[in-house]
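Chain F is already provided as a structure; the job is to place chain A on it using the hints.
Residue numbers (the numbering used here), protein chains in the order written: chain F, 1 to 421; chain A, 1 to 244.
Because the hints were derived from the structure by calculation, they are not lab data.
Every residue, glycine too, gets a C-beta built ideally from N, C-alpha and C.
Do not take every clue at face value.
Below, in silico cross-link-like pairs of lysine-lysine (DSSO-like), each with a Cα-Cα straight-line distance of 30 Å or less [as the list claims (entries may be wrong)]: (1) A/LYS60 - F/LYS171; (2) A/LYS129 - F/LYS15; (3) A/LYS192 - A/LYS60.
Not close to chain F: a few residues of chain A, all C-beta gaps over 10 Å, as computed [what the hints assert, rightly or not]: (4) GLU29; (5) LYS103; (6) THR143; (7) LYS153; (8) GLU157; (9) ASP177; (10) PHE179; (11) ASP183; (12) ASN188; (13) ASP190; (14) TYR202; (15) LYS223; (16) THR226; (17) SER233.
Okay, the calculated beta carbon distance ranges per label pair [unchecked claim]: (18) F/LYS40 - A/ALA186: 32 to 42 Å; (19) F/GLY229 - A/LYS64: 51 to 61 Å; (20) A/SER76 - F/LYS186: 31 to 41 Å; (21) F/GLU34 - A/LYS64: 36 to 46 Å; (22) A/ASP213 - F/GLY267: 34 to 44 Å; (23) A/LYS33 - F/ARG164: 32 to 42 Å; (24) A/LYS192 - F/LYS186: 21 to 31 Å; (25) F/GLU34 - A/ASP183: 34 to 44 Å.
The lines below spell out each chain.
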Amino acid sequence: MQLYTKSKNTFFGDKNERFGGQYVPEILYPALKELENAYKNIFHTKEFQAELKELMTHFVNRPTPLIYAKNASEILQNDIYLKFEGLANTGAHKINNAIGQVLLAKKMGKTRIIAETGAGQHGLATACACAKLGLECEIFMGSVDIARQRPNVLNMELFGAKVRSIDSGTKTLKDAVNEALREWSKDSINTFYVLGSALGPYPYPDIVRDLQSIISKEVLSQIKHYFTGMPDYMIACVGGGSNAIGFFHAFLQKDVKLIGIEAGGKGNNSGEHAMRMQNSRDAQTGIAQGYKTIFLQNQEGQLAKTHSISAGLDYAGIGPQLAHLGKIGRVQFQSATDDEVLEALKFFAKTEGIIAALESSHALAGAIKLCQTQKNKKIIINISGRGDKDIFITAKYLKTNIWEDFLGEEIKRIQELKAIK
Amino acid sequence: MKDIVLMGHIVGGFPTKEISLQAAQGIIEAGAKYLEVQFPFSDPSADGVIIEEACNIALKNGFKIQDGFDIVQELSQKAEILIMTYANIVFRYGVESFVKKAKESGAKGLIIPDLPIYQDEGLRKFAKKFHLYVVELITPNTTQERIKMLSQKSQGEFIYAVARAGITGSKTIISQDLFDYLDRIAKNCDKKIALGFGIQSYKQIQAIKNKIDIVVAGSYFVKQITKYSSKESLFDHTLKLFNP
Numbered sequence: 001m002q003l004y005t006k007s008k009n010t011f012f013g014d015k016n017e018r019f020g021g022q023y024v025p026e027i028l029y030p031a032l033k034e035l036e037n038a039y040k041n042i043f044h045t046k047e048f049q050a051e052l053k054e055l056m057t058h059f060v061n062r063p064t065p066l067i068y069a070k071n072a073s074e075i076l077q078n079d080i081y082l083k084f085e086g087l088a089n090t091g092a093h094k095i096n097n098a099i100g101q102v103l104l105a106k107k108m109g110k111t112r113i114i115a116e117t118g119a120g121q122h123g124l125a126t127a128c129a130c131a132k133l134g135l136e137c138e139i140f141m142g143s144v145d146i147a148r149q150r151p152n153v154l155n156m157e158l159f160g161a162k163v164r165s166i167d168s169g170t171k172t173l174k175d176a177v178n179e180a181l182r183e184w185s186k187d188s189i190n191t192f193y194v195l196g197s198a199l200g201p202y203p204y205p206d207i208v209r210d211l212q213s214i215i216s217k218e219v220l221s222q223i224k225h226y227f228t229g230m231p232d233y234m235i236a237c238v239g240g241g242s243n244a245i246g247f248f249h250a251f252l253q254k255d256v257k258l259i260g261i262e263a264g265g266k267g268n269n270s271g272e273h274a275m276r277m278q279n280s281r282d283a284q285t286g287i288a289q290g291y292k293t294i295f296l297q298n299q300e301g302q303l304a305k306t307h308s309i310s311a312g313l314d315y316a317g318i319g320p321q322l323a324h325l326g327k328i329g330r331v332q333f334q335s336a337t338d339d340e341v342l343e344a345l346k347f348f349a350k351t352e353g354i355i356a357a358l359e360s361s362h363a364l365a366g367a368i369k370l371c372q373t374q375k376n377k378k379i380i381i382n383i384s385g386r387g388d389k390d391i392f393i394t395a396k397y398l399k400t401n402i403w404e405d406f407l408g409e410e411i412k413r414i415q416e417l418k419a420i421k
Numbered sequence: 001m002k003d004i005v006l007m008g009h010i011v012g013g014f015p016t017k018e019i020s021l022q023a024a025q026g027i028i029e030a031g032a033k034y035l036e037v038q039f040p041f042s043d044p045s046a047d048g049v050i051i052e053e054a055c056n057i058a059l060k061n062g063f064k065i066q067d068g069f070d071i072v073q074e075l076s077q078k079a080e081i082l083i084m085t086y087a088n089i090v091f092r093y094g095v096e097s098f099v100k101k102a103k104e105s106g107a108k109g110l111i112i113p114d115l116p117i118y119q120d121e122g123l124r125k126f127a128k129k130f131h132l133y134v135v136e137l138i139t140p141n142t143t144q145e146r147i148k149m150l151s152q153k154s155q156g157e158f159i160y161a162v163a164r165a166g167i168t169g170s171k172t173i174i175s176q177d178l179f180d181y182l183d184r185i186a187k188n189c190d191k192k193i194a195l196g197f198g199i200q201s202y203k204q205i206q207a208i209k210n211k212i213d214i215v216v217a218g219s220y221f222v223k224q225i226t227k228y229s230s231k232e233s234l235f236d237h238t239l240k241l242f243n244p
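This is chain A alone, in the form it adopts within the complex:
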């Protein structure tokens, strides 16, 4: 499994700030190079029910944006941290202030699905100013021209390929369509490929390891955190994803 690296995912403050932090440490220690820290939003329209419910619980338990930055700061020496959240959280905080704070907290990149490339309230401009990268997303229905454009504009070393049409949390079937889609990206993109959405097993990773550089497991980890909240169990489950 040396050619492929893992990006884990936690919802900051789910179920509590402390447990989300411990879980993150378990995931990192078991080998995740990247970690997405999701700042909960009340209406996460690009996420499925598992992550939505996790966000609701985190908010109910009093999550504040500052808690998210605290978690990032704590973890930033141990893995490459990406902050994932939605437009309104960033907009309301102030786009420039949010990016600046993200940088100061030690984050390396940002994923904001509803601040797309031509309507981003200055997100990419500020990211450049503060030396963070914004991850661009590609989906199976993105045209070749648009893949090229997004790849060229992408500020980071990788582009994030959404494995299937839809939202987070459902299982992705490894099929010829998926291989064709990954080939289409590879042909039109000069960046590394991170593949996410629906990755839940070692078998899936085995099947696609030669086609991608980074595998993203989001709902998988959030589900594990729902069941087992200790650092040790998350460590075990992270290993399980890479070693059956």
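If we strip away everything but chain F, and leave its shape as in the complex, we get:
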């Protein structure tokens, strides 16, 4: 079956099984046409790419390092390398996409940016890019996600962004996406919608992939310092899948096994997970939020609730290109449960001095599992972000009593400070 490295006529895949498209109400049609034109006529110009490169180097802090994980490699009996996107500005790969789209918006003459966010990293990156490039910014975030990612919300506000809490539906990412789409439909003339993952209607999946492909291009060049030839395996976590498609892109036509790790949540039989690519009964091709892909949904086509310990993987759909790559067998999909993820996070923190985001810890958990059956392989894992933001989740699970005491004392200190004022 043909492999699609970019979409053709808005879709990935042939007539028999294709994903992507532009399934949007008429109100968004002109906005998407305008974006398509900008993608063709601005994004691909030498001038735009040169300006983007400058920002990537001197603002985003690229290239991010490829680290040989010596201690973990010895224990797991494989050569393990970590692509550490956590060292990019704002602590995750999301900035690669945000800075590119905000720059495009500015070139299109837009004055206002809106974005949705789940884990908060995309919102943070967009707010950061808007602060740098001087555009007004509003971030849509489900109230459940706000509660579990409060540090990111505070930082978004520090960047000058307004954070709008969404209380409809499941109060998570998919509801924030719906609300952002509504807002965009109100005023697409002045407003640019910075989409956070490689999904949504065309041309977003292509734009986001192009911007995130810098990850794999860097890896391709960086592996030469460590070995000749190709790695055996590359592993990334997959929510919407922007880090994964960016990390895989330059290797799609090379002899490397690519593995995507989805959120196993509380396990396959729990109904509380976000596994869309592993032949789950509830995962079927569908059309929502402007594109066709595999969604977790019930028999009547209602999107299902999802669960993951990481807000960033807690999404009912998957980027259309990854859905295509999964269907043709180019990317193999597995999952890691919440418990396995916490174990992997602890293991790599202790052995390698890296605190990965909970999202990225899914990829680490996938690698640990792989190492149980494989020996002496070259394995590269994408650490899509740092775990600092997750401290309110991880501390709760890993250091329950100490964290409870700390929070109690912190509240006392806040009250004392208030009393003095």
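Relative to the frame of chain F, chain A by itself:
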């Protein structure tokens, strides 16, 4: 008010199947010629919070697609029924099966905002086969060329003009911009014009009655159903929209 006809709207199964049916009967008996029956979807991205919440409640109360068809069947002798829903409901059911079932239930037309004209999974082809019409939508930022094209391709006797950029449920201001927009449609369209999105009062209808053929009130009715669920009260509120 003889030159203008009313299209009402209910969310099937909101708050329950029985009450939505009663409310629909009230709206029809008070004079609505057309009625949109919305089949709830978990992620109605072209609707505002009022309708979204109504959809969530209907789904929570166990709405099934078959309930929607039952409601259509019950009402189809009393008004011209249009089924409004989203792509995934139709796609998952099977586009041809959905259209066939809609026809058998007595529906006359379909409104599926996220199955647009060139990416519709065969919706318009099947609609033609089963003699239903698909309503095309026009918005204030639709170009003249596109209005012409949509009007020509539109299978029904009217085209649906969205009164303003945005979603359902917010108030539309009757302004010169709106009149200009309606004139632009009239010049480029040989179909009747149904105007919807944000219509909430008699005063608004008075102001635009000479420019349009059908007025669509969606969130207005859903809001009324939220407050008053009896057939009688919906009858009264429908009259109120046309007679202050």
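Now for the hints, and whether the structure bears them out:
1. Proposed proximity of A/LYS60 and F/LYS171 is supported: the alpha carbons are some 16 Å apart, at most 30 Å.
2. A C-alpha spacing of about 22 Å is found between A/LYS129 and F/LYS15, which places the hinted pair at or below 30 Å, so the restraint holds.
3. The hinted pair formed by A/LYS192 and A/LYS60 fails the criterion: a straight-line CA distance of about 37 Å is larger than 30 Å.
4. Interface exclusion of A/GLU29 from chain F stands, the closest Cβ pair being 31 Å apart, more than 10 Å.
5. Non-interface call for A/LYS103 relative to chain F: holds, since the shortest CB-CB distance, roughly 20 Å, exceeds 10 Å.
6. Remark: the non-interface label on A/THR143 conflicts with the geometry, its nearest Cβ contact in chain F lying 7 Å away (cut-off 10 Å).
7. Once the 10 Å rule is applied to beta carbons, A/LYS153 is consistent with being away from chain F; the minimum gap is 12 Å.
8. Even its closest Cβ contact with chain F, about 19 Å, leaves A/GLU157 beyond 10 Å, as expected for a residue assigned away from the interface.
9. Every C-beta of chain F lies more than 10 Å from that of A/ASP177, the closest at about 13 Å, which supports listing it as non-interface.
10. Distance check for A/PHE179 against chain F: the nearest CB is about 20 Å away, which clears 10 Å, and the non-interface claim stands.
11. No Cβ of chain F comes within 10 Å of the Cβ of A/ASP183; the nearest lies about 19 Å off, and the non-interface call holds.
12. The Cβ of A/ASN188 sits about 15 Å from the closest Cβ of chain F, beyond the 10 Å cut-off, so the non-interface label holds.
13. The claim that A/ASP190 lies off the interface holds: its Cβ sits roughly 18 Å from the closest Cβ of chain F, which is beyond the 10 Å cut-off.
14. Against chain F, the non-interface label of A/TYR202 holds: every CB pair exceeds 10 Å, the least being about 26 Å.
15. Once the 10 Å rule is applied to beta carbons, A/LYS223 is consistent with being away from chain F; the minimum gap is 16 Å.
16. With a least beta-carbon separation of about 15 Å from chain F, A/THR226 lies farther than 10 Å from that chain, consistent with its non-interface assignment.
17. No Cβ of chain F comes within 10 Å of the Cβ of A/SER233; the nearest lies about 27 Å off, and the non-interface call holds.
18. Against the hinted window of 32 to 42 Å, the Cβ-Cβ separation of F/LYS40 and A/ALA186 comes to about 34 Å, which satisfies the hint.
19. Checking the proposed 51 to 61 Å range against F/GLY229 and A/LYS64 shows it holds: the Cβ atoms sit about 56 Å from each other.
20. Between A/SER76 and F/LYS186 the Cβ separation comes to about 35 Å, which falls inside the hinted range of 31 to 41 Å.
21. F/GLU34 and A/LYS64 have their C-beta atoms about 40 Å apart, which keeps the hinted 36 to 46 Å range intact.
22. Under the hint 34 to 44 Å, the C-beta atoms of A/ASP213 and F/GLY267, about 57 Å apart, miss the expected range.
23. For the pair A/LYS33 and F/ARG164, the supplied restraint of 32 to 42 Å holds, since their beta-carbon distance comes to about 39 Å.
24. Evaluation of the 21 to 31 Å hint for A/LYS192 and F/LYS186 yields a pass: the beta carbon distance comes to about 27 Å.
25. The supplied range of 34 to 44 Å is broken by F/GLU34 and A/ASP183, whose beta-carbon atoms lie about 25 Å from each other.
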